[in-house]
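What follows is each chain in one-letter form.
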Amino acid sequence: MAFFEASEGPWPALLIGVPLLAAFTAIVTWRAARLLIWSGAAVVPVLSVVLLARVIHAGGLRLPIGGWAPPLGIAFAVDGLSAGFIVVTGLVMAGVLLFALPQFTASAPGAAESRAGYAFVPLVFLAWAALNALFLSGDLFNLYVALELLTLSAVALVAIDGRSGTIAAAIRYALFGLFGSLAYLLGAALLYAVHGTLDMALIAERATADGATVIAGALMTAGLAAKTALFPFHAWLPPAHSGAPAPASAILSGLVPKASFYIIVRIWFDVMPQAAGTIMPVLLGVLGSCAIIYGSVLAIRQEQLKLVIAYSTVAQLGYLFLIFPLAGGGGEPQPWAAGAWTGGIIHAFSHALAKAAMFLCAGLFMEALGHDRIAGLRGAAHHLPLTVFAFALAGVSLMGLPPSGGFTAKYLLLTASFAGGQIGWAIVIMVGGLLAALYLFRPLTYAFTRRGLEEREFARVPRPRQVIPLLLAGLSILLGIASAAPYDILQIGRPHAAVEGLE
Amino acid sequence: MSALLPLTILLSSLIPAVVTFFLSERNVYLRNGLSLGGAVVKLVLLAIMLSEVARGAIYELRFDLVPGLFLLLRVDDLSLLFVTLSGFLWLLTTIYAIAYFGKSAHLTRFFGFFSLCVAATTGIALSGTLITFFLFYELLTLSTWPLVVHKGDAKSLRAGRVYLAFTMPGAAALLVAIIWLESAVGPVEFRVAAPLHDLGDWSLRAIFALFILGIGVKSALVPLHGWLPAAMAAPAPVSALLHAVAVVKAGAFGIVRIVYDVFGIGLLQQLTLGLPLAILASITIIYGSIRALQQTDIKRRLAYSTVSQVSYIVLGTALAGPFATIGGLIHLVHQGLMKITLFFCAGIFAERAQITRIDELDGIGPRMPWTALCFSIGAMGMIGIPPIAGFVSKWYLGIGALQAGQHWVIGVLTVSSLLNALYFLPLLYRIWFRTPSDAAQAAAPREYPVALIAPPVLTAIAALATGLLAGSSLSPLSWATLIVERSYLP
Amino acid sequence: MTEMPVSSAQLFGLCGAALIGIGLYGFIAHRHLLRRLVGFNVIGSGVFLLFGSTGYRRVELGADPVPQALVITGVVVAVSATALLVALIIRLAQLTGSARLPEESPGGGR
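Residue numbers (the working numbering), protein chains in the order written: chain E, 87 to 589; chain B, 14 to 503; chain P, 310 to 419.
Hint data in this document are derived by calculation from the structure and do not stem from the laboratory. None of these values were measured; they are calculated from a predicted model. The beta carbon of each residue, even a glycine, is placed where N, CA and C say it ideally should be. Fair warning: there could be bad hints in the mix.
As the list claims (entries may be wrong) - Which bits of chain E does chain P cover? Going by a derived footprint, with three or more residues having C-beta under 8 Å, they are:
{"id": "1", "segment": "222-234"}
{"id": "2", "segment": "254-266"}
What the hints assert, rightly or not - A few chain P residues that don't get close to chain E, going by computed Cβ distances all over 10 Å:
{"id": "3", "residue": "A327"}
{"id": "4", "residue": "Y334"}
{"id": "5", "residue": "L342"}
If we strip away everything but chain E, and leave its shape as in the complex, we get:
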């Protein structure tokens, strides 16, 4: 992580401070929530974009908090990867908050007194603060704290509607998540014992492929994989993500697992690429492949839209793990074949946007129909054309069809696997894309069915709310059309291991 020292104050702390403040204010005075949402949803994304602009300009920032340099102090470290994640988080969060505005802050008497109405806004802001803190951290322990804050707010979001099913789902999630955190913390403690620091850049300078480092890496990866719902730790995800209210699911599915994945990427590519060995990348790739196939097959078999989307998340998260075996592998005639790392990250971005859009669409279907059974979607294309269109656009990105962000990612991953002679991963990617088409076209087919329209009741859904998922889905498409920009941004501070592969 070669950062340019920048002589500026730790103003990026505002990215954590503003949502945190918003969360606490919302807890104390929920009546001001509407104003808060508007200002928070406006300010933090703007800050994110400013940060991105600074990163593009300065080529990576390293901001010691309070002027104390590591190892004694702790530092924010921002490069293209973290700035990209922060911006995507900002976009999804802003969209979700605007979407949820009428749902949870309705002025109807009694509406705001419900648990969901009271807790949703503060929890979302807490999660936002946690995500930003996580992506800003340059230090393994800060990452731990941010990750815990994220897990706790995510667990609470799952349980927000208070039915016994969702509470059980939340507890299951919490058990996996806490187990994961402890494994991660144990790994961090081991690294500290060996290297005497938790600053990632410093460990990267000191780490070798010694046994303790490898064990620490394995422990942290196992813990984080449980939080990322990597197969076979995925069992908690579908009930948790499908049980939560749709806007919460959008955050849970689109952003939360990306955070722990981000740490895994940081650990292996930035901190200790030389400790990866040959087995670990392949193992992660195999588990990712299992997730793709297993998640997709189960998604095909679901009868409820939200479960389809949740299982699709299990599958889509699997793609992310293919970057471990595929990174590197660039041959002479096609240097861009080393783009698997970038491809994986672009996949994470486009999945975040598309999956959030998809859950918001599912939420609109539920509002209009009162349920989310796929067979009940008949006629939706007529009554909610914008929502169906947004769902389809998000689907295009998930299937990896051009010109979406999902396609760019798939292209980079496929090229890397062909150029590196690792055809097996390419087959998994292709099969995964076809299975995705199977599970996504099923609800769409029902939506286009016209039979039985007359007796079906669709409640009205205001247009502005339908526009939000459309915008998010459109962004995930735009990520492919204008993929040169995210690609270049991700090259800022890109670790060498991303190009040369894990040893």
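On the provided structure of chain E, position chains B and P as indicated by the hints.
Chains B and P in isolation, oriented as in the chain E frame:
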């Protein structure tokens, strides 16, 4: 300006598509105006470009994505051949569709996807690289699916499923082929020779097979043709689009691109891939004709006829001599004109006289003279009766086969023409010479409005004219000759 | 503290490891959610002990304060997590009458 022309021509259908999606059902005039306006603008642009490209101009627009991945829109002689056809037929099909649907529901969606479909076809025609081609090829799949399922009944939904079951794996095969090739030799631009020899012979053969597998789905090569007859459940304008304007043509055009502009004839012969492709095309021609013969439904018979006819293009491409190539390329245009005439007429028969089965055609000729006349011209053209366009194609294909030393192809052409006659002549006989049943006589079908009848009349005239005036410098034949002289002659 | 022999750091480390093992057993073997939560806290204590013991690494400088600071933070995090889980478990028990996950209840998947 020259860089913007390809973009403008793409936008002339893309903008109507996108704007249409946001219109309400009530904005009928604006919606129709958008589609028609886009089509007219496109034709004007095409006229400009045709004259410029004839003088040797090339238009290019490059758009970079990630490294190694860029989009290239490029107008050359071959792309103009296809885009002119689809632009002309788009205008007529739009007029026809407006008249055909009248006031029925969900038209905003229909016209939106319809324009999107044409935008995708334009994109396919203008693509200058494999990846660009793939992008628009997928866009075409996605934008035709809602059209296929447009009616929303069980039959069209099944058709939609079948369509996806063929096209999605096809697209996957195509993508694998592209990436396999490009990961070894770099981005492949059409008409820029890529160092394909870096790959082994067997890898190249496998890649070629994947290409044919991927694109053959759209061009309905046997055994990848199953979706086409199923898609007959869609309304008549969609059939016209699938068979003449966009989908099937995109497949055939893609095969032409792969054979000539990616692999090149020399390499293809070195790998001995031309002959298998020609045999596959011949099998498709014969099989499609035989299946057409077995159908009792007019549209299904026409569908199998398309399966058969489109493979003429593939056959001409695979034979690879100059005359065969010309024959294949002009058939791209000729088949489009004739088949769209037939589908327009079949749609009118179905809408205005409730005729969908062949035995119901008895004696319809005198009562619906315009439609029946156009249908007859289209059918005779398909058989290859001079001076209609189809004859010219077959003539060139025949000479091309002799030139390439593949005498057996003459046999295929003869058998296929015989079969064509066998499955079209009985229709013409019924239309003109049989007396209608009493019930049919009681009904008085009317050919209205003009907008419904004018498109088939125009396409029928065009099919006649391209045959009669094949020697003129403005004919598709001259253009195809120009393409072959410029690009594919050694 | 400075004269503390190095071997006691190892002793703390081993104790931590033992605690992790015991806690892990409880966490996995039990079905009652409160017991699993206790198991989680025992693992947590083990990890914190282990982490704290790494503070002995540079004896000549005295105890390294960083692990202590980190452990305190960790304890706070663990307490919050425990509080949230207890709240959830109580709610689950109120709603279903059982402090077990539905798929692990004796009655089956209710």
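| said: Check the structure against each numbered hint from earlier and tell me which ones fail, lowest number first. | reply: Per hint list: single violation, 5.
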